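2 protein chains.
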Amino acid sequence: MIQKAVILSTGDEITTGKVVDTNANFLAEKLAENGIDLVSVITVGDVPERLEWAWKTAIGLSDIVISTGGIGPTADDLTTETVARLAGRKLLQDDATVEHIKRLFATINRLMPENNLKQALFPEGAEIVPNPLGTAPGFRLPVTLDGHTAQLIVLPGVPREMKPMMENTVIPWIRANRGRDTVFAVRIFQTFGISESALDEAVAGLIKPDEARVSFRASFPQISLRILVEGKPGSAERKLEELAERVRGRISDYCYAEGETSMEEVVGKLLTEKNLTLAIAESCTGGLVGHRITNIPGSSKYLLGDMVTYSNEMKMDLLGVSAATLEKFGAVSEECVREMASGARKQTGASVAVATSGVAGPDGGTPDKPVGTVCIALNADGVSESRRYQMRGTRDWVKLLASQVALDWIRRYALGLPISESATFRR
Amino acid sequence: MIQKAVILSTGDEITTGKVVDTNANFLAEKLAENGIDLVSVITVGDVPERLEWAWKTAIGLSDIVISTGGIGPTADDLTTETVARLAGRKLLQDDATVEHIKRLFATINRLMPENNLKQALFPEGAEIVPNPLGTAPGFRLPVTLDGHTAQLIVLPGVPREMKPMMENTVIPWIRANRGRDTVFAVRIFQTFGISESALDEAVAGLIKPDEARVSFRASFPQISLRILVEGKPGSAERKLEELAERVRGRISDYCYAEGETSMEEVVGKLLTEKNLTLAIAESCTGGLVGHRITNIPGSSKYLLGDMVTYSNEMKMDLLGVSAATLEKFGAVSEECVREMASGARKQTGASVAVATSGVAGPDGGTPDKPVGTVCIALNADGVSESRRYQMRGTRDWVKLLASQVALDWIRRYALGLPISESATFRR
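First to last, the protein sequences are chains A and B.
Just add 47 to wherever you are in the first sequence, counting from 1, and you've got our numbering.
Just add 47 to wherever you are in the second sequence, counting from 1, and you've got our numbering.
The shape of chain A in the complex, shown without the other chains:
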């Protein structure tokens, strides 16, 4: 009965930091989707005694161990023999696999090098996991240590080979053997403009520990709230929906999306739905607002243009900001961004325009306009709002936060929410 899993990532390239272990992330996500509880990810290099320690430890912790890497043709590929030794099985050659490998080499007009035969050896009794894309099939083998049995799943480390093997062979097997009729239902709320601690306070007491697991994740500039409910199919989802409804009531103003959706996606969807076109005038964000908007496929339908006016001359020439305004209030002022936003609309005929101007730092701050001073404006039919913020952090953070506020303002305008009251920050 498969409930608890451990992922085993092997390879010196991971333990020396040469590659980021994206396999573990892919496997973890697949396991979570299928209601398998991932106890741990254990990574070790290609060192025999460490591999053996890792396998023993993993078996002791779980019902299923999924390993990636270490089944190539070279001498430092030790996974198969390590597993066979732990299981007390001898290695047998699988002739069908030999044929498979020979065929793969034939397609590139090469003969199979002798050392590839190693990839056709499997512990006696192992069930082979086919690898149509590569020379290293995987296998599944139940192993019992100290009276505890775990299923060992051995997969190659090459992501493009490993992923389809997981999807097509391993996951179906896991589903058929979960022997549990409970499932996990997960909901993620993406929020902006509320601090992690304030978010924590906002939902405090809403959900009892025995109802769901609640966790927070600050991935600047947004903070996500995650609710995980375990229960019978149907009832878990119903319970989750009930809890989600409670949470929505408390954070509706700050929650811009549920699920893995970005602010720019939300903005794009809203602009499309409401048939709005967008113009952008940027100073301190330097093109970031436009970059984020255009990361969304189809953004050419609503984005007309983005004028990054870094110099005062450009602000006057392109956006028609008045010399008097720049003279009297400076480029970093609510007056200036309001003129930038209205100028961008005039220039493009867009239905809504946002503008940013500020001191991104690290230099350029003054006593009355310190680094982090950012002014945002939004202009639309009958709407001209602006606000001055004091942001904190390095140049890239100020740019990112300012761009997030600008996008959030577009969202709020499209939804008819109060615009300039958004966003209290914390890092």
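It is worth saying that the hints were derived from the structure and are not from the lab.
Quantities reported herein were computed from a predicted structural model and do not represent experimental measurements.
Hints are supplied without guarantee of correctness; some may be wrong.
Note that identical chains are pooled: a pair holds if it fits in a single copy or bridges any two copies.
What the hints assert, rightly or not - Below, a list of computed lysine to aspartate or glutamate pairs in the DMTMM-like style, where the Cα atoms sit at most 20 Å apart: (1) Lys393 <-> Glu360; (2) Lys316 <-> Asp443; (3) Lys393 <-> Asp364; (4) Lys316 <-> Asp410; (5) Lys416 <-> Glu382.
Position chain B against the provided structure of chain A, taking the given hints into account.
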């Protein structure tokens, strides 16, 4: 004496596959650079008994345990308590940290929420690792279990806070306690426009295995070449300089920087040195070129403006692209980007201008202009170059690669190198 390490990554966001654990990769690389043997990376979710198991296991395996995550202000942040319990120390409030947190909140005109006080609690006797950028300082504490002592280093999970803490406080401490008199000298060459295999061939045979460890890292769009020499202080650095000299001769054309320097930094430095001003005209890159240029402090000195003309009307109105050109060749054509670049210069009076136009995808491709078709142009006194590229990959990759080519063209213009012959791609 610090020789063996274990990295502990904690957080449900990792064990449920919501985020890729890049912290472990960063820490693994730093440890390798400093000759520390990484025994294992252990990852567990925010579950008390699993955290405790992970810490006990890590201590048993190593001389130093470096953990990230679990020291936030919320209820699911359990690392500090877990460590204190294992060490048999009580938690004491550090008043300096309380002041630090209060100051951080004060700069954003907010009072510190009560639950942030939690981040000022440390096990008795712990040495605090300062976190200038965030509210969660880390700490170091030696712990003895079953007669074996390990140094526990607790760091936050936010990469931009964790990395400087590692570089500025933890690494120096490790160097001072390695109990080995050899040092590691490292040089990184940043290259663009040459494939990993071509780079490999270019330097093949230049360095013998016993002279240094050579490694490549493709972090799209650039590929870096890393040389690591171990030896006595002084001689290691001299040896490295000698090897670096050999390498330079082979890759000068493609190497835009040595060390952790970005293409936009190099471009900014060159524009400043040569007293050049820059204008940008973007279509498919949507503001990314401007965003990258303005990521560099002081870029306002050379960047006049960036016109992101997503619609044909804007290309005509702002940049003076002729209707005939759009009619005859389309917006994605060398003719169009050449007019965009010269228009941007006219509009701004900049000494050099670059332009981008292409099909970023996933939609919008045609048989003669498939997704990934990108045209780049550069215009300066007596210079008007353009080239059509066929790029591969997702929308964000095409945007990033196109922006990199545009920046590389500015670099090549400023250095007097051939411009449009740059960049052969491989993914």
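Hint check results:
1. With identical chains, the CA atoms of Lys393 and Glu360 are at most 20 Å apart both within one copy (18 Å) and between copies (13 Å).
2. Proximity of Lys316 and Asp443 under a CA criterion of 20 Å is satisfied inter-copy only: 18 Å between copies versus 26 Å inside one chain copy.
3. In the homo-oligomer, the alpha carbons of Lys393 and Asp364 lie at most 20 Å apart both inside one protomer (13 Å) and across protomers (12 Å), since each shortest distance falls under that limit.
4. In this assembly of identical chains, the alpha carbons of Lys316 and Asp410 lie at most 20 Å apart only when taken from different copies (16 Å versus 37 Å within one copy).
5. Taking the closest pair of Cα atoms, Lys416 and Glu382 come within 20 Å of each other only inside a single copy of the chain (14 Å); across copies the shortest separation is 44 Å, beyond that limit.
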